[in-house]
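Novice: Start from the sequences, fold in the hints, and give me the full structure.
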Amino acid sequence: MAKAYEPEPVEVRRYADWMRRGLFGADPGAGRPYCITIPPPNITGSLHCGHALNNSIMDCLIRWRRMSGDNTMCLPGTDHAGIATQAVVERQLAAEGLSRHDLGRDGFVERCWAWRREYGDRIIMQLQRLGCSYDWNRTRFTLDDTYVEAIYEAFLQWWDRGLIYRGARVVNWCPRCSSAISDIEVSPEDRQGALYHIRYPLDDGSGHIVVATTRPETMLGDTAVAVNPEDERYAALVGSLVRLPLTERRIPIVADSYARMDFGTGAVKVTPAHDLDDFEAGLRNNLEQIKVIGDDGRMTEAAGPRYVGLDRFACRYRVLEDLAAQGFLVGTEPYTVKTPLCDRCKTVLEPLLSEQWFVRQKELAQPAIEAVESGRIRFHPDRYARIYLDWMRNIRDWCISRQLWWGHRIPVWWTEDGRYAAGRNAEEAGRRLGVSVTDLRQDEDVLDTWFSSALWPHATLGWPRQTADLEFWYPTSLLSTAQEIIYLWVARMIMTGFDFLGKEPFTDVYIHATVLDANGERMSKSKGNGVDPLDMIERYGADSLRFALLQQAGKNQDFRFSEERVKLAKAFNNKLWNASRFAMASLDGLHEDERAELRAVLDRGALTGAMAEPRNLWDRWILSRLQSVIQTTVATLATYDMDDAARSLYAFIWDEWCDWYLEVAKIRMRDDSQATTVRAVLVHVLDTTLRLLHPMVPHITEEIWEALHDAVGAPAADERSLMVAAFPSASEQYVNPTAEDRVAFLMEAVRAMRNLRAEFGLAPGVRLPACAVPATREEGLLLSEHAGVLEGLARLDTLSVASELPSARDGWATTAIAHAELALDIGSALDIARETERVEREIASAATEVERSEQRLANEKFVERAPAAVVEKERSVLAEHREKLERLMAKREALAALRSPGSPSA
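Using this note's numbering, read the sequence shown as starting at 99 and increasing by one per residue.
Hints may contain errors.
Cβ-Cβ distance ranges computed for the label pairs, FRET-style [stated by the list, open to error]:
hint: 1; residue 1: W234; residue 2: S827; range: 27 to 35 Å
hint: 2; residue 1: K665; residue 2: D204; range: 28 to 36 Å
hint: 3; residue 1: F680; residue 2: D242; range: 47 to 55 Å
hint: 4; residue 1: F680; residue 2: G886; range: 14 to 22 Å
hint: 5; residue 1: E662; residue 2: W234; range: 32 to 40 Å
hint: 6; residue 1: Q255; residue 2: L632; range: 37 to 45 Å
hint: 7; residue 1: W752; residue 2: D691; range: 29 to 37 Å
hint: 8; residue 1: A114; residue 2: E981; range: 48 to 56 Å
hint: 9; residue 1: E514; residue 2: D409; range: 30 to 38 Å
hint: 10; residue 1: A114; residue 2: A824; range: 18 to 26 Å
hint: 11; residue 1: R522; residue 2: A334; range: 53 to 61 Å
hint: 12; residue 1: A669; residue 2: Q831; range: 47 to 55 Å
hint: 13; residue 1: A102; residue 2: R563; range: 31 to 39 Å
Hints are computed from structural coordinates only; laboratory data are not their basis. C-beta atoms are modelled at their ideal positions from N, C-alpha and C, and glycine is treated no differently.
Specialist: What follows is the structure in structure tokens.
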């Protein structure tokens, strides 16, 4: 193994080797199936921190289940991303001075395909660089021919059952994209606006009612004023008519519980064509729908001659001017408005009435609700089940049409006289309508991207055909995804799974944490606060990024991305590398018989023969601790607590194996009678640790594991890979609480003696006598038996076990731990008088610094006038000086208790 670990060459070489050997592939058949179909990233996308986290989670689980003996398959793919891809290609055309209309529909779609061929697999390659062990031969794309077959089958089944219909409902409309868009493509932004109070006169002249609105331009389409039925202020007015300002129309006052008594005046204008809640209220109260804003964002003729043709925002100001001039505007107050923006072009969206294609979802929702209520589908964390159920129980019809050219064109054909029918092709639609194909034109719209995504778990496995993949791996095992698409994607996959296959699409839904920036804000391109995972991989390696993310992938909260954590993960990998180099260096020059025994340890994943029951306390301790970390890793991976698994492995490897067992091993291997057993335990623990770590940091563990096989003389074997080695299982044989307690006692003794050395500032090379007085005979025997190890760990000259401690006046410093008192002969290595003088000088200097800081902070002018950061820094400086002073004074007291041999007071 190289002296220093260089991630990039190792990761690139190892991944290429896995690919060459076909280790990611899967075949349906024997074994217990375990399948994940990854959330398909957009072909326009590149790897971001959310992708890196989720794919680290999924790959960790797939690798774990593969090593556990399951027949695993992780199916990757990409989404055609209708509106996103169209926007990218349109920008490309604009740079050439062209529009999509210059190319025509067919030409533009071909241009999109060309873009996809050039750039669409970019994110696939980035996932491979992350180390994802997905079955790339099964990669799917939502515009593949077989996938389109699944989409048309689903559409036709719902069409024939009357679940798909054409109608006018309020949708999210982007005037610039000229399309309805899904909720996930709405980017809300808080903007400073105003709440306008407008007087609507009662028709009988007896008074008026005041409504509050943030969008006064839409009042031209009002068809009612709503008040809450429990609002006593307006009870007598329900059923009355008001005159709509700036128009000649009269509209009713209706009672509807959606009117909030605590918003504005408690009376709200109802504009069914321009607000989803108003639309629903309009249906409940049988109100007219008047569309005053057109698809282009300009006012329609229904707005009246004074406003027709105006941009919607220009109209707002004209309406306000007219209301003020005519005495209807009675008040304006600042108000923060949550403004919906198009995620692609940042245009302010307009909720407006639009003729679209819809799916009736209530019938589809019931089995999906029951599946979660009964526990057939489990959410992790379970709080997301409540969010899912709340939405499903109040589900609305789904707008599935988009006014785009790139995507799955809706399989509906129209006749010249306005009749229409669905079909897999024009011929089928023609037969349904009883007309010739030449008399038909296909609907211009495409399906919502989420329509195709809703079929992902079963369409990727071959549905509607009864394939071997579908039979073996459906239902899939897990969906790991983000919380913001529970409604848009998770719910719809569950509905389609039950509706088309009669089964849940997956048994577990894991909602991963959101990766925030260092300030706790969501990362976004518009804010410019994103972190490029590929940059982190280039600097620190894919394994370091994976491990850093998995350590924070808890189920209970979002987390802030920290580059420092990635650095620490790289330091951990370096520690593992160096520890492994030490273990393998100990195998140099071994006799072939011992090498054969060590090969057997690796082959079986267990200690063998006489080495299977080591007698040494430190061996029994590390094997017991190993069983504990195996149990923790298996249990936490099974409950999707990857962070707990990562942290437990980190603590075991760094704090126990490296910092303690390896240091003890260095001492024990000087004794030939112990060296053989130590080497066997080293190999076994390293092998087991690499297996445990592999799902999280696959590249470095594979590299070390192969080097370990080389070190014991194992012949090269193309079928051998850590990726398919057996995952460890704990053995009760090695669980030894007594050994753990005894080693904990010895560790405490070493720490106490190290602390004494540090307290008196002794250099590492200085070795001095030590003495221990145990509380019982058992502790005494333990200290005596392991004196050689303790001398090495605490850098002692000798360690004697006695019935009483030497006198402090003889230069011995003492300390106590549970079940023992300890002493170090400080006087033998330190001129106590000279050290005391030095400490006194440092105390005087520290006291001066404390006094200076205290005086500065006592100055009111300084505290009031200096920048807050300067004042805070001064407080930190004072705290540091006080801590230093306390430490020095404690050392002076300790020195005062000592008298070095030969001094006048001795």
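Novice: Give a verdict on every hint.
Specialist: Outcome of the hint check:
1. W234 with S827: 27 to 35 Å: For W234 and S827 the Cβ distance comes to about 30 Å; the hint holds.
2. K665 with D204: 28 to 36 Å: 52 Å, violated
3. F680 with D242: 47 to 55 Å: Holds, since F680 and D242 (Cβ atoms, about 51 Å apart) stay within the stated range.
4. F680 with G886: 14 to 22 Å: Given range 14 to 22 Å: holds, Cβ gap about 20 Å.
5. E662 with W234: 32 to 40 Å: At roughly 33 Å between Cβ atoms, W234 and E662 fall inside 32 to 40 Å, so the hint holds.
6. Q255 with L632: 37 to 45 Å: Given range 37 to 45 Å: holds, Cβ gap about 42 Å.
7. W752 with D691: 29 to 37 Å: 34 Å, holds
8. A114 with E981: 48 to 56 Å: Distance hint for A114, E981 holds at roughly 53 Å.
9. E514 with D409: 30 to 38 Å: 35 Å Cβ-Cβ, so the 30 to 38 Å window holds.
10. A114 with A824: 18 to 26 Å: 25 Å Cβ-Cβ, so the 18 to 26 Å window holds.
11. R522 with A334: 53 to 61 Å: 60 Å, holds
12. A669 with Q831: 47 to 55 Å: Since A669 and Q831 have Cβ atoms about 34 Å apart, the given range 47 to 55 Å is violated.
13. A102 with R563: 31 to 39 Å: Given range 31 to 39 Å: violated, Cβ gap about 53 Å.
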